[in-house]
Amino acid sequence: MAVLKIENLSKYFGQTKAVDDVSLEVEKGEIFGFLGPNGAGKTTTIRCIMDFLRPTKGEIKVFGFDSTKNSSEIKQKVGYLPADVSLYDGWTGQDHFNFSEHLNDQSKVLSQLISDFNFDPKIKFRHLSTGNKRKLGIILALMHQPELVIMDEPTAGLDPLLQNVVYKILEDFQKKGSVIFMSSHNLSEVDRICHRVAIIKEGKLVTTESIQALKAKRIHSATVHFAGAFNKTDFQNIGEIQEDLPDGFILDIKGEIDPLIKKLNRYKIADLEITHATLEEVFFEYYQDGGK
Amino acid sequence: MGTIFSRAIKDRRVLLVIYCLSAVALLWMYIALFPDFSQVKTAFIQTMPEGFLKAFNFDPSSFTTVQGFLATEQFSLVWPLLAIALVIGFSGFALSGEVENGTIEFLLSEPVSRLKLFFGRYLAGLLMLIIFTIISILAAIPFCQIYHVSFNTNHFYTMTVMSFLFGLAIFSLGMMFSAIFSDKGKVFFVSAGIIVLMYVLNVVSSLKESLANLKYASFFYYYSPPKALTYNQIDHWAYLVFIGVAAVTTLAGAIYFARRDIAV
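One line per chain: the protein sequences are C and L, in this order.
Take 1 as the starting number for the first sequence in our numbering and just add one per residue.
Take 1 as the starting number for the second sequence in our numbering and just add one per residue.
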């Protein structure tokens, strides 16, 4: 059974289709990345999962429970970090922890998390820096060792050292059986810790694939240096020339690279480098033409 | 729900103490002044137009008792203002303030249903209203004893019941708007607007015979301190109107809040 199952989710705000017919499944043991630029529908989808917003169409099941009808049962197993951590200005971190512990069980990992993040729980929220507010939000999301962790931009506003702490903690949680569902703009972050990703564009899901499969898409970049004269037009049907070089070009190829090799065989080549596209290049590829 | 309830009380306790102390201080002042001012005030009130006295719940004949004096000085305008500010302030903070500040996401990410959140906050506000009503009205009894002013305890109990029902209706109205709006300013504006309109309707209805029926649309017609404090009476319609409005608006607010989008 999928831990999180979204079926044909649509959320409209008047005429605006914030999320349009999105379906995806997140399985046990996964760290799942939800990729897309601002306004793509990531946060709206997450808010529907958390039952802050009610779907216009479709349904969301978390641990087999309906996200709307069984919202409070689901939240016993879910830890949530919003994109902007908004908490009570007059409360200290400890007040927030106490409040959460009254509504759940006593946390077994709170002291460890406070120590890992080097967080001072005695300071009032209004006096915390942006990074420390984020730390508090992350600790609150993780303190009850949730079976599903939903995070909207988990490392936004954190320095690289703290980002690494977050990655390590998330990986530890995943190893202990938690499922992580995180939205992100940060492709290197997704590349580093996620097992699968979904890419959302203008409210529609473009693809859901494993990181390896996404990177293994036959998107290549070929840097060719010719030893003599060459005719650039010979290569225009094979791929898209990204950059002209004094003695060659850089060519992006989608699909088979065999036609390129056959074409190059007609020329004297001084140097040739063919690389797989990075996740970032794959991502932009999806955004340029919808991944088709 | 207990955590939501107790935390709401804890967060607003200083405000409650300020409101209670303000109301008690005013009560103390009026009771302390009553023996000296009662005769002067009676003569002054008798010079005022009858319509004006009626509109503002002034009862000239009631100035011979401390109950009548307090009904006019404290409970016709000052107490309702304090009670309205307290309950509307609380209701604005209770739900729409949470949405406006973004803290609703923290609350709703915990295993708490929307209805529990609504009623946890509702009960907290209700308790604050009860505490405020009891302290700000029944404090008159020890002050009357201290200043050797004769009084009837039952009249203050009746006043407490009527005032509580008046506060309950306004609080429930505020909670309904708090469940609907995502901006506490709108809750204050709409609730205050309705209350001012009701006050105006009550005043206008007493000034012109043809508009007399408008008074039935006003809480201020049913909330009658002279009647409660001087004559120990509450209009039977007051129970129906205040409890009816409270029940309908609470139910409507709870249902709407359970179904709405909580967009931050």
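To be clear, the hints were calculated from the coordinates, so they are not data collected in a lab.
Keep in mind the model is a prediction, meaning the values are calculated, not measured.
Where hints are given, some of them may not hold.
To be verified - In silico BS3-like pairs for lysine-lysine, Cα to Cα no more than 25 angstroms straight-line:
| no. | chain 1 | residue 1 | chain 2 | residue 2 |
| --- | --- | --- | --- | --- |
| 1 | L | Lys116 | C | Lys69 |
| 2 | C | Lys176 | C | Lys201 |
| 3 | L | Lys116 | C | Lys61 |
| 4 | C | Lys61 | C | Lys77 |
| 5 | C | Lys122 | L | Lys215 |
| 6 | C | Lys17 | C | Lys268 |
| 7 | C | Lys122 | C | Lys28 |
| 8 | C | Lys28 | C | Lys168 |
| 9 | L | Lys116 | C | Lys77 |
| 10 | C | Lys5 | C | Lys17 |
| 11 | C | Lys133 | L | Lys10 |
| 12 | C | Lys69 | C | Lys5 |
| 13 | C | Lys268 | C | Lys232 |
| 14 | C | Lys268 | C | Lys57 |
| 15 | L | Lys208 | C | Lys124 |
| 16 | C | Lys77 | C | Lys232 |
Consistency of the hints with the structure:
| no. | hint | verdict |
| --- | --- | --- |
| 1 | L:Lys116 <-> C:Lys69 | holds, 14 angstroms |
| 2 | C:Lys176 <-> C:Lys201 | violated, 32 angstroms |
| 3 | L:Lys116 <-> C:Lys61 | holds, 22 angstroms |
| 4 | C:Lys61 <-> C:Lys77 | holds, 13 angstroms |
| 5 | C:Lys122 <-> L:Lys215 | violated, 54 angstroms |
| 6 | C:Lys17 <-> C:Lys268 | violated, 53 angstroms |
| 7 | C:Lys122 <-> C:Lys28 | violated, 36 angstroms |
| 8 | C:Lys28 <-> C:Lys168 | holds, 19 angstroms |
| 9 | L:Lys116 <-> C:Lys77 | holds, 18 angstroms |
| 10 | C:Lys5 <-> C:Lys17 | holds, 20 angstroms |
| 11 | C:Lys133 <-> L:Lys10 | holds, 23 angstroms |
| 12 | C:Lys69 <-> C:Lys5 | holds, 15 angstroms |
| 13 | C:Lys268 <-> C:Lys232 | holds, 14 angstroms |
| 14 | C:Lys268 <-> C:Lys57 | violated, 59 angstroms |
| 15 | L:Lys208 <-> C:Lys124 | violated, 57 angstroms |
| 16 | C:Lys77 <-> C:Lys232 | violated, 59 angstroms |
Violated hints, listed in ascending order, are 2, 5, 6, 7, 14, 15, 16; each of the other numbered hints is respected by the structure.
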